[in-house]
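**Q** So the chains spell out like this:
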Amino acid sequence: MWLPTWPTDRALRRLGRSRPEPDTPFALAAAGAGGVRLAAVNAAAAAAGLTPGMTLATVRALHTGLAVRPADPLGDARALAALAGWCRRFTPWVAADGADGLVLDATGCGRLFSGEDGLVDRLLAGLDRFRVAARAGVADTPAAAWALARFGGAGGDRAAVPPGAQGALHALPVAALRLPAATVAALAGLGLETVGDLAALPRAPLVARFGAEVARRLDEVGGALTAPIAAAPEPPRWIVRHGFAQPVEDRAVVEAVLARLVGRLLGELATAGLAARRLVVRLAQARDEAVRITVGGHGPSGDASHFTRLLALRLERLALAGHGVEAMTIEAPDPAPPAADQTTLAMAARPPRPPLAPVLDRLAARLGAGAVTRPAPVASHVPERAQRRVPATAAVRWADAVPAERPARPARLLERPEPVEAVAALPDAPPVLFRWRGQLHRVARADGPERIAPEWWRGGAAGTRDYYRVEDRDGGRFWLYRHGPYGSGGARAAWFLHGLFA
Amino acid sequence: MTATPASRSSTDPAADPAAAPGLLDRLRERVRRIEGLPPGPGGDVAALGLDAIDAALPWGGLPRGVLHEIVALERGAATGFVALALARLAGDGPLLWCLGRDDLYAPGLAAFGLDPGALVLARAADGAGVLWAMEEGLRSGAFAAVAGEVGALSLDGARRLQLAARAGAALVLRPASAAHGPSPAVTRWQVGPAPSAPAEPGVGAARWRVALARCRGGQPRDWIVEWDDASLRGRVVADLADRSGAAPARPIEA
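Protein chains in written order, with my numbering: chain L, 634 to 1135; chain P, 11 to 264.
This is chain L alone, in the form it adopts within the complex (with noise of 0.2 Å):
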């Protein structure tokens, strides 16, 4: 199996919704010898003359238009690893072959696929809907099967060769043949263009003059050498499993058999050495869709009572009666060594406190995963995009990221902001009075106008904001803001509540 633009595609699939049009040009490129140079590109960019090893300078003279973004070779050789444990799926011999290939040996599982075709068929339809460009290639040995996915054929997203019909690679190449460049052009100066012309030649002059490589890989394209695949061996899983003779209903067993079997995974899991990131509980249910609920992911614990709290507070909610359990499973996706206990100078002095982790997920049980965060700093003026929401366990740094030379900000910020009606003298000056939620207030102080425009590639200037601090005659400090630059509204402009000052 061919990936010919491998690198890009993952690129373009990482971007995810911002990646370019299909037919745009994109590239990948790293620094290199003399410069930063393309490091891959995609089809549209090779097709308009890009190839890998142009400098970047050179590039961006010629082509205005092309996308480019950083190259990432150990993370391309991570994925198609991952790639590889997909396509277990299929076959379970399967390796990654170079950094742009994967080598699958179907021996006997096309029949569970109605056909070698069928499997190919498969595995082509699965690698396009991960829009990764791909071409098979179909032999009795690993080497042919690499010589016709890159070589063989017309086109088409396949090349096969029926068993025995060697002769059919005989039409290939020499660089079909895997061998350094140097050689490939040696071999092409003596007139030698074809494998058939190489395997009519006697071997003996042909190994003293082009070392036994040459006669290695005609050896492995024909069949009389088999390269072993090197499969990686499949990751276990950790999975413990339950049925019962009948539908259970009450909860309390439900309960009591889940912590029995969290206590063995977890027992399991800790004579591995691991601790539980995750726990994935199936519970299947009479003449019901099996119920899957998830639990942890704050951090590796080999505590199960932990993990038997956070099961209890979801399974409160879980409807059994008229639903009987019939048999449950718990998996363990992500197991992980179990995290040491980090204890700073600072707090060595107190009794240490407990880690966060196993109170994180209590939270997130109950209240739902996106209940529970932490604010984070985002470099914007925009006030509602200065911060955003992540997740709890992500480690958060505030300290460079609130300037000190800035006008004050409200310690709570409306969701939305709340139109106020509101009376200003003149049309650029902050109001004397504004009645918001019904109340009136009169304004005896002000600070302002700091103007706040939309980032400039979020909208024009309809969007600009133009905030005043007004402190009421009860001390109240509110941020209010007119919507819209100076005289766009006139006298009737519109005033709107963003925020409360402390």
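Among the hints, erroneous ones may be present.
What the hints assert, rightly or not - Which stretches of chain P does chain L cover? Using the computed rule of at least three CB atoms under 8 Å from a CB of chain L, they are:
1) 105-118
2) 155-162
3) 222-234
Unchecked claim - FRET-style restraints, in silico, Cβ to Cβ:
4) Arg245/P / Ala885/L: 56 to 66 Å
5) Ala207/P / Arg1068/L: 39 to 49 Å
6) Leu165/P / Gly708/L: 50 to 60 Å
By construction, these hints were calculated from the structure, which means they are not laboratory data. Just so it is clear, the structure is predicted and the values come from calculations on it, not from any experiment. A virtual CB, placed ideally from N, CA and C, is assigned to each residue, including glycine.
Given chain L's structure and the hints, the job is docking chain P onto it.
**A** What follows is chain P alone, placed relative to chain L:
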């Protein structure tokens, strides 16, 4: 209480306070905890950094490990006071703020010395959820302090918080409309805004009217506090009358 006669001749080491220095103090502390009382002098206390207020509190500051109640006469001002108290209670530990409506604005809270990086926010759908989250956070002992915004708080709910608040301080922020009646809280504060007094035109430094409405072992008092954003320091600008009587401000004996 620490005077131990050296001439005492007891053979039982446990009965001899000299054999276990501070044993008596530790036992007293334990009894106070069991009874839900704030720690004695020298206990775990966070000074607010507002001299006159710290001096009026029998402990020299806000004691940790107990429940404090803050009644919001206005939401903005009360938020500032809670942020100030949380920052002082935090030390370098994490904080939990449980709320129903997430309108906290971290860039603004930072002006009260509160590190938003230490803050975990838990949003619950209703008041019962907020109380549950507070109790869970307090019981875990993982947070230095837990603040919660609740509407109505039953005596029973407040007692549960008081019991849970062993490892960290609990702050309950309540709207003025819902705050009456008895409460096991060790202190009850009422916080509202006060007009600023700037030297130049415009809005001056934030001022609050802070009332210590109830304090176990102390007297109700009223102050005007001014907060300076730039130096991250507050100061008491006016010591108002003792609310219990018409007498002018006088020092309180702890």
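**Q** Tell me the numbers of any earlier hints that the structure contravenes, in ascending order.
**A** The structure conflicts with hints 2, 3, 5, although it agrees with all the remaining ones.
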